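Protein chains in written order, with this note's numbering: chain A, 1 to 372; chain B, 373 to 458.
None of these hints come from the bench; they were simulated from the model. Owing to the predicted nature of the structure, the values given are computational and were not obtained by experimental measurement. Glycine included, C-beta positions come from ideal geometry on N, C-alpha and C. Check before you lean on any hint, since a few could be wrong.
[Unchecked claim] What follows is a list of derived Cβ distance ranges for each label pair:
1. 237/A with 439/B: 41 to 47 angstroms
2. 156/A with 411/B: 22 to 28 angstroms
3. 131/A with 444/B: 54 to 60 angstroms
4. 397/B with 339/A: 26 to 32 angstroms
5. 360/A with 411/B: 24 to 30 angstroms
6. 131/A with 401/B: 28 to 34 angstroms
7. 439/B with 103/A: 46 to 52 angstroms
8. 108/A with 444/B: 54 to 60 angstroms
9. 398/B with 271/A: 37 to 43 angstroms
Each chain is listed here by its residues.
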Amino acid sequence: MKFIDEYRDGALTQRLLDELRQLVTRRWALMEVCGGQTHSIVKSGLDQLLPPQIELVHGPGCPVCVTPLELVDKAIALASCPDVIFTSYGDMLRVPGSQQDLFSVRAAGGDVRILYSPLDALKIARENPEKTVIFFGIGFETTAPANAMAVVQAKAQGIHNFAVLVSHVTVPAAISALMESPDVQVNGFLAAGHVCTVMGYWEYEPLAAKYGVPIVVTGFEPVDLVHGILKCVKQLEEGRSEVENAYARWVLRVGNVPAQMIINQVFEPCDRGWRGIGIIPRSGYNLRSEFAEYDAELRFPEVQTIETQESDLCISGLVLQGLKKPNLCPAFGKECTPQTPLGATMVSSEGACAAYYRYGRFAWAEKNELQV
Amino acid sequence: MCLGVPGKVTELYQANGMKMGKVDFGGVVREACLEYLPDIQIGDYTLIHVGFGISRLDEKEARETLELLQQMDMLSSELPPAGGGS
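Isolated chain B, as found in the complex (with noise of 0.2 angstroms):
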């Protein structure tokens, strides 16, 4: 219940004064709440929880942090390997 779906915005609306939306999960396509994200805009990332979008992806951390993650191996696999004295 917790765990969020990404899925990626390809409408926007207002239904009962709310702003609402079609999010594409890879290829299953639903309606959302999108009114907690009001910068929102067709094309983003958005994590939906029992149908409700609470957060935009942001693309640049995403790649920051991939790239940060991608350095931090390339610096342990200069490192000898940990033997625990063996």
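So here's chain A without its partners, still in its complex pose (with noise of 0.2 angstroms):
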């Protein structure tokens, strides 16, 4: 497709890879916010290609690994209720909760449904007015819009069989909790571009000057991920902390104003837990309360109180921070595989776990490449 096989050129990637082992001079470490950027650099194999001196952190930003465990507790048990029909966003299902997943909850006869967009949770609860229809509502910023669409249309169609169990989080705060944690070194971030699609990347720049990082709105070819690394390490190496955009063909300063107003319009900002991390102020969307009737939380209150149970073999909460590789978790391909997953991070399309799992990226198999 047009403005998509020109930014997967290998060519234009192997040469502006050349540009960057011009440019740098010393050990930075990026950290790419996204947990699609991450399979993408994993896939690509740039994580291999870049100069030693630059790290790729994988950051938190996966929606389905950050859920915290409570809510995915929440949601099974919601989804267990005879009179529901639980929908959700398919990645969701394979989580580890405290004690199952929602597979199991549908494997057991529960009415557990994927969906493609949230609107189509208000077709189902049309056409099933006896049921409740519950909509699981996770994810950042550019699900953010998609979601408060569904919540403001069952309102105006007067759709009163419908509720959202909503675990929005956002980046910005994020960013700020991991550099405001005295554990993690990152000298410079890449920004998700699709976040900023919709959010445009003005919050940012308070935060690249507070913290002294540069951050780079980045997009997701191999060609946008090399031009996003180098204009990042080309402001490390001028001492500069701005914030630039390597994702101009879809990303506007200002981002989407209609959508940032019906995010607005339904949400509004809460802290929020984010698995494996804790709880990061103001760091998520709870819905506001004249929308209180679709909160699926207050329509069933007895989900309410939920004892959770962590594994403990998993360091999903370590990995998300960027504080450790997933091959170097003593479970990564043993007791812990995409069919048998111990954290969300080996499950989603967007953990970094599953992406060294997907594309073998073993700590075995890169030791032998480097003995080689």
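Need the complex rebuilt from these two chains, each delivered in its own frame; the hints are there to steer you.
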């Protein structure tokens, strides 16, 4: 397709990597925030083609991975209710809860359905007036406009048998939390291009200034990724810490204003727990009180108190903060595989552990390559 | 989930008071809500997230970025290769 193939051009990617090799003079750690970018980097092998001075640290930008265990357990409890049709994006179904996952609920007879768009949940609600249709509204700012529209439309169309289990998270608060953590050593950020299509990048300007880190809005194709890395390293080598846009064909500084307006109409900022990381202040969205009727947690108060139990083996919290590479986990590829995941990072198509497993980044394989 | 899929708008219409459209993803055509793209026209490229268009491709920027990167590449081919002192 036009303007996709050009940005996948292997020869241009290689030549931009040559440019990068000439530019870099010392070690730099860059974090790609978005799990979609992690997959693209590992799939294309960019992590192994970069100059050795540049380390890519994988960030927490996998919505499935950071959805707190408590909410996964609540989803499982709601999906198990007899008069509920539980709907979700596909990746959430295999995420392990404390005892089971949503697929097990479906196997046991629960009505759990995978959706392409949250608007499909409204259609299911219209067709099943005797049931309550619950949608698992997770994601970063990219899915928030879609999930918000489903709520607005439910109200406008008078659909009352629809509710949302909301677990939205936002990127700027996560960048702040990472920079405030003494353990995280990141010199620059590749900001998630698709989140910025919605929110723009003006929110990142005070962060770049406060923490003295360059933040470069970056796309997903190999040429886009090396372009973002080049811009970030150039800033670091020149001692600058600004916000730049390496994805200008899709991203404006102001973002998508109509989408932001609906987000603000339906949601308000809240403190949010991130699986493996903990509570980050004002890092998520909750439904505003005007839309409380559509809040699944309020409508089913019996699922409020749930005891959660994380796997003792899983180190996904460290992986999500870029503190450990997935293949350094003792359970990686052994107790934990995409078929038997211990943590959500091994499940999602945006999880770093799943990317490392799928594209063969086993620690022993990398060791052998070094010896060759 | 945050990975938007680019496609070309082939049809525009209204449904339930929302701007909707058909989007061609390299042969696969699906419905999408285009309410957040008030200026989008048939023939434009858009990025679809979970059934919603959230950005319109700026073709001029796409061309200019490629030209810029290709020029940068020509510049680097005129410089001696980085040898790390070897």
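Quick check: which numbered hints come out false for this structure?
-> Hint check: 1, 5 fail, others pass.
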